[in-house]
Amino acid sequence: MSVNECQFSSSMVVSSMIGLLLSVYTTHVELQLELDNDYEALCDLNEGISCTKVFSSKGAIQ
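Each step along the sequence shown adds one to the number in UniProt numbering, with nothing skipped, and position 20 is 20.
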């Protein structure tokens, strides 16, 4: 395996792991929102930047 192939392979693994972790966290937030309407996720930075609002929006529920 060449150096370029190894770097490409490592990048793919890291990208895949990040995607998996984000998917798991998104699922966790959505489940918490179903259980508790007042739940605020860690990714809620302020009123304008709120992933809780996005996950509970009309478009996300469909």
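Some hints here could point you the wrong way.
Below are the EDC-like pairs computed for lysine to aspartate or glutamate, each with C-alpha atoms no more than 20 angstroms apart in a straight line [claimed, not checked]:
#, residue 1, residue 2
1, 58, 30
2, 58, 36
3, 53, 30
4, 53, 40
5, 58, 34
6, 53, 34
7, 53, 38
8, 58, 47
9, 58, 40
10, 58, 38
11, 58, 44
12, 53, 36
Note that these hints are calculated values from the structure, not bench results. All figures in this text were calculated on a predicted structure; none of them were measured in a lab.
Comparing the hints with the structure gives:
Note on residue 58 and residue 30: the hinted pairing holds, with a Cα-Cα distance of about 13 angstroms set against a maximum of 20 angstroms. Only pairs whose Cα atoms come within 20 angstroms are accepted, and residue 58 paired with residue 36 is accepted, the gap being roughly 17 angstroms. Distance hint between residue 53 and residue 30 is fulfilled; the C-alpha atoms sit about 11 angstroms from each other, no more than 20 angstroms. With a CA separation close to 9 angstroms, the supplied pair residue 53 and residue 40 stays within the 20 angstroms bound.
Between the alpha carbons of residue 58 and residue 34 the distance comes to roughly 14 angstroms, so the proposed pair stays at or under 20 angstroms and holds. A hinted pair counts as satisfied when its Cα atoms are at most 20 angstroms apart, and residue 53 with residue 34 qualifies at roughly 13 angstroms. Simply put, residue 53 and residue 38 have alpha-carbon atoms about 11 angstroms apart, close enough for the 20 angstroms limit, and the pair holds. Distance check on the hinted pair: residue 58 and residue 47 sit about 18 angstroms apart at the alpha-carbon level, within 20 angstroms; holds.
Distance check on the hinted pair: residue 58 and residue 40 sit about 18 angstroms apart at the alpha-carbon level, within 20 angstroms; holds. With a C-alpha separation of about 17 angstroms, the suggested pair residue 58 and residue 38 falls inside the 20 angstroms cut-off, and the hint holds. Annotation: proposed proximity of residue 58 to residue 44 holds, straight-line Cα distance about 18 angstroms (limit 20 angstroms). Using a Cα cut-off of 20 angstroms, the hinted pair residue 53 and residue 36 holds, with the two alpha carbons roughly 13 angstroms apart.
Violated hints: none; the structure is consistent with every hint.
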